[in-house]
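If you read the sequences in order, they're chains A and B.
Just so you know, we're using the working numbering here: the first sequence kicks off at 1 and counts up by one.
Just so you know, we're using the working numbering here: the second sequence kicks off at 1001 and counts up by one.
Don't read these hints as lab results, they were simulated from the structure.
Careful: at least some of the hints might be erroneous.
Quick list of in silico lysine-lysine cross-link-like pairs, BS3-like style, CA-CA up to 27 Å [claimed, not checked]:
1) 42(A) x 714(A)
2) 1253(B) x 47(A)
3) 1254(B) x 114(A)
4) 740(A) x 1254(B)
5) 79(A) x 171(A)
6) 740(A) x 1253(B)
7) 47(A) x 179(A)
8) 42(A) x 171(A)
9) 171(A) x 662(A)
10) 664(A) x 646(A)
11) 114(A) x 1173(B)
12) 123(A) x 1139(B)
13) 1210(B) x 171(A)
14) 1139(B) x 47(A)
15) 1120(B) x 1173(B)
16) 1261(B) x 740(A)
17) 1173(B) x 1210(B)
18) 119(A) x 1251(B)
19) 47(A) x 1251(B)
20) 79(A) x 179(A)
21) 1254(B) x 171(A)
22) 123(A) x 1165(B)
23) 1251(B) x 42(A)
24) 123(A) x 109(A)
25) 47(A) x 662(A)
26) 42(A) x 1261(B)
Stretches of chain A that chain B covers, calculated by requiring three or more beta carbons in the stretch to come under 8 Å of a beta carbon on chain B [as the list claims (entries may be wrong)]:
27) 123–132
28) 409–421
29) 583–593
Backbone N, C-alpha and C fix where the C-beta goes; we use that ideal spot for every residue, glycine too.
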Amino acid sequence: QLTPSSFLRIGQLSNVDLNEDIHELETELPRQRPNEIPHNEKLLSLKYESLDYDNSENQLFLEEERRINHAAFRTVEIKRWVICAMIGILTGLVACFIDIVVENLAGLKYRVVKDNIDKFTAKGGLSFSLLLWATLNASVVMVGSVIVAFIEPVAAGSGIPQIKCYLNGVKIPHVVRLKTLVIKVCGVILSVVGGLAVGKEGPMIHSGSVIAAGISQGRSTSLKRDFKIFEYFRRDTEKRDFVSAGAAAGVSAAFGAPVGGVLFSLEEGASFWNQFLTWRIFFASMISTFTLNSVLSVYHGNAWDLSSPGLINFGRFDSEKMGYTIQEIPIFIFMGVVGGILGALFNALNYWLTMFRIRYIHRPCLQVVEAMLVAAVTATVGFVMIYCSRDCQPIQGSSVAYPLQLFCADGEYNSMATAFFNTPEKSVVNLFHDPPGSYNPMTLGMFTLMYFFLACWTYGLTVSAGVFIPSLLIGAAWGRLFGISLSYLTKGSIWADPGKYALMGAAAQLGGIVRMTLSLTVIMMEATGNVTYGFPIMLVLMTAKIVGDYFVEGLYDMHIQLQSVPFLHWEAPVTSHSLTAREVMSTPVTCLRRIERVGTVVDILSDTSSNHNGFPVVESNPDTTQVAGLRGLILRSQLIVLLKHKVFVERANLSLVQRRLKLKDFRDAYPRFPPIQSIHVSQDERECMIDLSEFMNPSPYTVPQEASLPRVFKLFRALGLRHLVVVDNRNEVVGMVTRKDLARYRLGKEGLEELSLAQT
Amino acid sequence: ALELAQELAEELWSAGLPGDLPELEPECRSLLAAFAEGSAALTGCLGRRARPVRLCQGCHGHYRRLLAQYGSIARAVGNSSESHNCAKSILTSDRLQIVVTLSEFFNETWEAANCANCLKNNSEGLSNSTEEFLDLFNKSLTCFEHNLQGQAIGLSPNNYTEVCKNCNETYTKLNDLYNHLQRMNRQGGESAHSAHLCIDVEDAMNITRKLWSRTFNCSLPCSDTVPVIAVSSFILFLPIVFYLSSFLHSKQKKRILILPKRIQSNANLVNIQEKYS
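With the rest of the complex left out, here is chain A (with noise of 0.2 Å):
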């Protein structure tokens, strides 16, 4: 089980040898066309394999479910629930531990640097506290780095993209392993601790869905332990259930928002969907935030207050002093307008940005540094805005946490150190609450200049981080701005409170970079506690997507992109109607008889020239060599498993009380089957002969080779299928339609066109 499976071995070829493997193709397959070409966004990388979210309905399943009585079902029933609350209560714990150790760390460091600030204010040599600063943060961020570019790269990032791919149907190799999540949330901690422009918001969904899978599984394959429960669940299915209402959990404990949680799984994630389901999800957001709000009021020392119910908490917004009227719904949906534009620009420069780093910046020590590198300049911007800032605010109780003097009077503030010397959850928080007159336009003004492209720069670095908080602030801070200037321009005849823009804004901000909507006004409006907000938050963030959809898509979708997964959208293009299964079908197809001989079997599965992994069962027919009859679909990982156990038609002959192969045996062995290299198998048993019959799926779905793609399409994507056979009249196989075949036909910039397959 050590050795590394098929798809990671072909990865690494491509990684170590490169060159061997280009001089490899080169020889054996001259060809005009250059095959090896830069990175770019119109790739599908082989490194992606489909989910097997088909139930195969072979005879071990109807066996095992003649076996399993009523009453079972309904403990299996039971044990579903009793999973989410589980899911619900660890994602819970999980956000109570990372707010609690980046709170206790932020704060540590922010005083060692106030002290140090203030040390030096006094004394001169100011230069030294600045280095300080970039040096405390630099470290703090290379540690997060090392652990995701070393240890688990799949950890970085704010994982919604991989969590959307899951749900989609594309295995991401080690996403919702135990020790992605350790890497996830320690890396969390370290990067929003080293203070760069992140939130620690988004990757509580990845850690959530990974929560979910290993709850699920009943065992751990990075702790090597297995605790023989909930075996039932070990299938793709019921594992992708889980994961979308680990995704719900985690959006859940992030904001505080459970509904919206739900909404997210059921937008962002779930492409397969029902209404029990949808009603378990709800459970385990309610768990989740429930726990977090009762596990942080105790440690904040008001027990059963139940006060914080998310990560961020947007604060209240009273109806009476932050109402708005008819009149400004207009204002609020050029907001939205500005929202797009802003985040169709914040999407445009980080995709070159991204396209430069999958290019050069692909060796983590590089992507250490460049971290280290964002962290430090980070801290320097901060600082020098800080320095420069001459607006100075008088304290007001304790609503600053690290109010920070510098050179303003004695009893004042430096104002942009709120928006700069804080944890950017805290900021958020300022800049919805603080009343009128805390900033000025200026300082609004340069803030969300500097921090507009902090957070764009810092978007796909090698660490685990969020790019909702970063969004959020931008637009409070632009929002405020607008605020003030509109109060200003209207001599602060009636709008007079400048949060609610701060509130709009960050709304239109966020809705223009990732381009959520139903979940994110539910988000928004939950994560403000108040409703009638919803209608103009609702109109921000519909103007915002409407808007950015026109100039580029979705920071999510993008990054997708980027990475060549083989994502399948709602729908196929709408124009390729004219498309055959025949032309997207891939062919000739590796079929295997219903009696094999072994030796067959084992060579086709160590053909590393092909790593099919479904295979058309055929008529068994000696004689010719023609393709027959499609009788089964069969697996990799079950062939896998059958020469495993050696089930061949002459052992079982030889000794009849050989024990039968049931469902279980598969089982077990999800999800990582061993690769095909470590099953040993003689000179003599290649000789054997194994009987498929009862283990193939036998009855796979098929389309004639006529149907046009969006047919194809829609019943590939409708029932999350992996291999879909394409069959002529005769019912003889023709082709082979599977995730990549499909997900390469992309309505781009001139009409319909096509991704071609590359290795990476």
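Following the hints, position chain B against chain A.
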């Protein structure tokens, strides 16, 4: 107080109230009168000491007395029957409940001013730290006055360098003590309200700070611009070097294209383009 109660009773009688109505008992009447007097005294005190704020120092006696008076009203039981005790007849017999309102107002003001913070635990007199602070405060004010008087009138009015130099020690002490008090206070209390020191201390500090920073302009000047610019431009320069060098020296990552097994795979894209061009 007794005279006042008498007066009150006379007034009531002269107003011609019918004798058979339930009447305030004499004990209750005197309690009420005492409360009225106390609240008048406290109001006067608060008003007189509003600016510069000396509420807690000057009025804590009045406040304590008033509290006691209110307490005795609330506790007092008339001798006739249980339904006719003073608390009931004074505090809850009408819609306005003016005694309750007044007492609530004083309590809220006292809480908002956070006076408990600079009084001793039994509320008798100022606490030691407050005394110390006020002492230092007076010292610094004297110092300011002293130095300002000493300054020749002929000099430019904005030149307060003498004050800044001479009073720096006292001022810094005062400032440090204030910060210390604040820190102690924050550690001690949990709720948001007790994060404030009492208003007297806060106001005294505010006045001094304003004088010091705004009027005398003694706060720290902006210094070390050159080293800060140097260090920051060095750090800002690093990423440019990094990106340029990785662009020039790092090997660009290439992808190996795989040709899919397909019917007329080469002509496929051409087909599509023909169809849609």
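Hint check results:
1. Under the criterion of a C-alpha separation no larger than 27 Å, the hint pairing residue 42(A) with residue 714(A) is consistent with the structure, at around 23 Å.
2. A threshold of 27 Å between alpha carbons decides the hint, and for residue 1253(B) with residue 47(A) the separation of about 16 Å falls inside it, so the pair holds.
3. As the CA atoms of residue 1254(B) and residue 114(A) are separated by approximately 47 Å, the hinted pair breaks the 27 Å bound.
4. The straight-line distance between the Cα atoms of residue 740(A) and residue 1254(B) is roughly 20 Å, inside the 27 Å bound, and the hint therefore holds.
5. A hinted pair counts as satisfied when its Cα atoms are at most 27 Å apart, and residue 79(A) with residue 171(A) qualifies at roughly 25 Å.
6. A threshold of 27 Å between alpha carbons decides the hint, and for residue 740(A) with residue 1253(B) the separation of about 22 Å falls inside it, so the pair holds.
7. At roughly 20 Å between alpha-carbon atoms, residue 47(A) and residue 179(A) fall within 27 Å of each other, so this suggested pair holds.
8. As the CA atoms of residue 42(A) and residue 171(A) are separated by approximately 20 Å, the hinted pair is consistent with the 27 Å bound.
9. For the hint linking residue 171(A) to residue 662(A), the alpha-carbon distance of about 25 Å falls within 27 Å, and the restraint holds.
10. A distance of roughly 16 Å separates the Cα atoms of residue 664(A) and residue 646(A); the hinted pair therefore holds under the 27 Å criterion.
11. Annotation: proposed proximity of residue 114(A) to residue 1173(B) holds, straight-line Cα distance about 20 Å (limit 27 Å).
12. Proximity of residue 123(A) to residue 1139(B) is assessed by CA-CA distance (about 26 Å); at most 27 Å being required, the pair is judged to hold.
13. This hinted pair does not check out: residue 1210(B) and residue 171(A) have alpha carbons roughly 65 Å apart, beyond 27 Å.
14. For the given pair, residue 1139(B) sits about 77 Å from residue 47(A) by alpha-carbon distance, which is inconsistent with the 27 Å threshold.
15. Among the hinted pairs, residue 1120(B) with residue 1173(B) is consistent with the structure: their alpha-carbon atoms are about 23 Å apart, no more than 27 Å.
16. A hinted pair counts as satisfied when its Cα atoms are at most 27 Å apart, and residue 1261(B) with residue 740(A) qualifies at roughly 12 Å.
17. Taking the CA atoms of residue 1173(B) and residue 1210(B), the gap is about 16 Å. The hint holds against a cut of 27 Å.
18. Proximity of residue 119(A) to residue 1251(B) is assessed by CA-CA distance (about 47 Å); at most 27 Å being required, the pair is judged violated.
19. A hinted pair counts as satisfied when its Cα atoms are at most 27 Å apart, and residue 47(A) with residue 1251(B) qualifies at roughly 21 Å.
20. For a cut-off of 27 Å, the pair hint linking residue 79(A) to residue 179(A) stands: about 25 Å separates their Cα positions.
21. A distance of roughly 23 Å separates the Cα atoms of residue 1254(B) and residue 171(A); the hinted pair therefore holds under the 27 Å criterion.
22. At roughly 16 Å between alpha-carbon atoms, residue 123(A) and residue 1165(B) fall within 27 Å of each other, so this suggested pair holds.
23. For the hint pairing residue 1251(B) with residue 42(A), the CA-to-CA distance comes to about 21 Å; that is within 27 Å, so the pair holds.
24. Note on residue 123(A) and residue 109(A): the hinted pairing holds, with a Cα-Cα distance of about 21 Å set against a maximum of 27 Å.
25. With a CA separation close to 31 Å, the supplied pair residue 47(A) and residue 662(A) exceeds the 27 Å bound.
26. Under the criterion of a C-alpha separation no larger than 27 Å, the hint pairing residue 42(A) with residue 1261(B) is consistent with the structure, at around 18 Å.
27. Coverage of the stretch 123–132 of chain A by chain B holds [criterion: at least 3 residues with CB-CB distance below 8 Å; count 6].
28. For the stretch 409–421 of chain A, the assignment as covered by chain B holds, since 4 residues bring a beta-carbon within under 8 Å of that chain's beta-carbons and 3 suffice.
29. Judged by the Cβ-Cβ criterion of 8 Å, the stretch 583–593 of chain A is covered by chain B as claimed, because 5 of its residues qualify and three suffice.
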